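In order, the protein sequences belong to chains F and H. So the first sequence is numbered by the numbering used here: it starts at 1248 and just counts up by one. So the second sequence is numbered by the numbering used here: it starts at 1248 and just counts up by one.
There could be a bad hint or two in this list.
Any copy, or any two copies together, can satisfy a pair, since identical chains are not distinguished.
[Said to hold, decoys possible] Straight line, CA to CA, 25 Å or less: simulated SDA-like cross-link-like pairs of lysine to any residue:
hint: 1; residue 1: K1375; residue 2: Q1325
hint: 2; residue 1: K1375; residue 2: T1307
hint: 3; residue 1: K1268; residue 2: A1327
hint: 4; residue 1: K1375; residue 2: H1352
hint: 5; residue 1: K1268; residue 2: G1351
hint: 6; residue 1: K1375; residue 2: L1314
hint: 7; residue 1: K1375; residue 2: C1392
hint: 8; residue 1: K1360; residue 2: E1386
hint: 9; residue 1: K1360; residue 2: F1326
hint: 10; residue 1: K1375; residue 2: R1389
hint: 11; residue 1: K1375; residue 2: S1253
hint: 12; residue 1: K1360; residue 2: V1376
hint: 13; residue 1: K1375; residue 2: L1388
hint: 14; residue 1: K1375; residue 2: R1271
hint: 15; residue 1: K1375; residue 2: G1266
hint: 16; residue 1: K1360; residue 2: S1282
hint: 17; residue 1: K1268; residue 2: Q1325
hint: 18; residue 1: K1268; residue 2: R1297
hint: 19; residue 1: K1375; residue 2: R1259
hint: 20; residue 1: K1268; residue 2: T1307
Derived from the structure by calculation, the hints contain no laboratory data. Just so you know, these numbers come straight off a predicted model, no measurement behind them.
Chain by chain, the residues run as shown.
Protein chains: 2
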Amino acid sequence: MEDVDSQLAQFRDFLSGEGLKLTRQRQAIAAAFYSSGAHLSLQELLDLAREREPSIGYATVYRTMRLMTDGGLATEHQFADGHARFEPAEEGEHHDHLICVTCGHILEFEDDKIEAIQDTIAAAHGMKVQSHRHEIYAECLRPECERRTAKPN
Amino acid sequence: MEDVDSQLAQFRDFLSGEGLKLTRQRQAIAAAFYSSGAHLSLQELLDLAREREPSIGYATVYRTMRLMTDGGLATEHQFADGHARFEPAEEGEHHDHLICVTCGHILEFEDDKIEAIQDTIAAAHGMKVQSHRHEIYAECLRPECERRTAKPN
DNA sequence: TTCCTTGCAAAGGATTTGCACACCC
DNA sequence: GGGTGTGCAAATCCTTTGCAAGGAA
């Protein structure tokens, strides 16, 4: 886990390495993306980025996140809520997600045994694992969770 | 695994039990659904159903599959291709999916060890598993697969 | 006859893209 | 200055719904 500043520096290096420009919009979006530890949707990123650059449009967030995803700086996930969510990609790191069905909070987990079993299952069918998606939807039993339940809708 | 006729009979029983009508359209859709062993999308179900009842509309397939899903006769999945796919639901049965990235063919798998580990992971976070989604995307190494690759697009 | 069903077409909701203008480098 | 980047609006893509006409029971 790196600090936000070095992540932003990485983003700038990525842009200049690709001959792309560092605009106010891209800075605002990247700052929002790296500052929040959460798995944000495009709309949430837009809302956060607008706190710094009010005129930013949805399409710019969309294109910036695509840029980062293609460039390997971000990873995109489609959870059960049906829209894309992004998280910073970390070199050589892999994890899956544990999602609270009550408050929507997303935790990460990693389990070597599961990974190994997946390889075995695929091999049994003459296949080689390329990627996978594994999400556990669970109910949080702790009281803190219930409090977070208070949603607008 | 039951034969198609008894599955269709189950569907008819379900309809009459709910006070719903058995229309030509519903018969055609259910027949298409149960006859194909695959995980079909709404469009694919529509195409198949139209072979029997050419005038069927997309909305009817949508509503029929919703009916079956709500009634517990079908299960809906959202795989990486982004649209809903359906499979017959079997009593008390659970499985996950192994998907070939080359031809898109979907196999089913089930692993008690993985299920158990999931419970452990959730418990470690004070959570109780409610459901999960686990898809393995793999490359088929057998030549038969490549042949199936010849897609229209 | 009664109400459930259907097909069409339009509404949603999220994601993508075209285009003229704005702005980094 | 030149070519990239942006914002808006419109186009997609799939899903969902409203409504008048059709059809099972």
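Now the hints, each set against the structure:
1. In this homomeric assembly, K1375 and Q1325 come within 25 Å of each other (Cα to Cα) both inside a single copy, at 23 Å, and across copies, at 22 Å.
2. Taking identical chains as interchangeable, the C-alpha atoms of K1375 and T1307 are never at most 25 Å apart, the minima being 37 Å within one chain and 39 Å between chains.
3. In this assembly of identical chains, K1268 and A1327 lie within 25 Å of each other by CA distance neither inside one copy nor across copies; the values are 35 Å within and 32 Å between.
4. In this assembly of identical chains, the alpha carbons of K1375 and H1352 lie at most 25 Å apart only when taken from different copies (14 Å versus 32 Å within one copy).
5. With identical chains, the CA atoms of K1268 and G1351 are never at most 25 Å apart, being 35 Å at best within one copy and 38 Å at best between copies.
6. When the C-alpha separation of K1375 and L1314 is checked against a cutoff of 25 Å, the pair qualifies neither within a copy, at 29 Å, nor between copies, at 37 Å.
7. In this assembly of identical chains, K1375 and C1392 lie within 25 Å of each other by CA distance solely across copies; the values are 13 Å between and 39 Å within a copy.
8. Taking the shortest alpha-carbon separations for K1360 and E1386, both the intra-copy value of 23 Å and the inter-copy value of 21 Å come in at or below 25 Å.
9. Proximity of K1360 to F1326 under the C-alpha cut-off of 25 Å is found in both arrangements, the shortest distances being 23 Å within a copy and 24 Å between copies.
10. Proximity of K1375 to R1389 under the C-alpha cut-off of 25 Å is restricted to the inter-copy arrangement: shortest distance 11 Å between copies versus 40 Å within a copy.
11. For the homomeric pair K1375 and S1253, neither the shortest alpha-carbon distance inside one copy (36 Å) nor that between copies (37 Å) is at most 25 Å.
12. For a Cα distance limit of 25 Å, the shortest separation of K1360 from V1376 qualifies both inside one copy, at 15 Å, and across copies, at 18 Å.
13. For the identical chains of this complex, K1375 and L1388 are inter-copy neighbours only, at 7 Å across copies versus 38 Å inside a copy, given an alpha-carbon limit of 25 Å.
14. Taking the shortest Cα distances, K1375 and R1271 never come within 25 Å of each other, neither inside one copy (43 Å) nor across copies (43 Å).
15. Taking CA atoms no more than 25 Å apart as the test, K1375 paired with G1266 passes in neither setting, with 36 Å inside one copy and 48 Å between copies.
16. Proximity of K1360 to S1282 under the C-alpha cut-off of 25 Å is found in neither arrangement, the shortest distances being 32 Å within a copy and 37 Å between copies.
17. Taking the shortest Cα distances, K1268 and Q1325 never come within 25 Å of each other, neither inside one copy (29 Å) nor across copies (37 Å).
18. Taking the closest pair of Cα atoms, K1268 and R1297 come within 25 Å of each other only inside a single copy of the chain (19 Å); across copies the shortest separation is 52 Å, beyond that limit.
19. Taking CA atoms no more than 25 Å apart as the test, K1375 paired with R1259 passes in neither setting, with 36 Å inside one copy and 42 Å between copies.
20. For a Cα distance limit of 25 Å, the shortest separation of K1268 from T1307 inside one copy, 13 Å, qualifies, whereas the shortest one across copies, 50 Å, does not.
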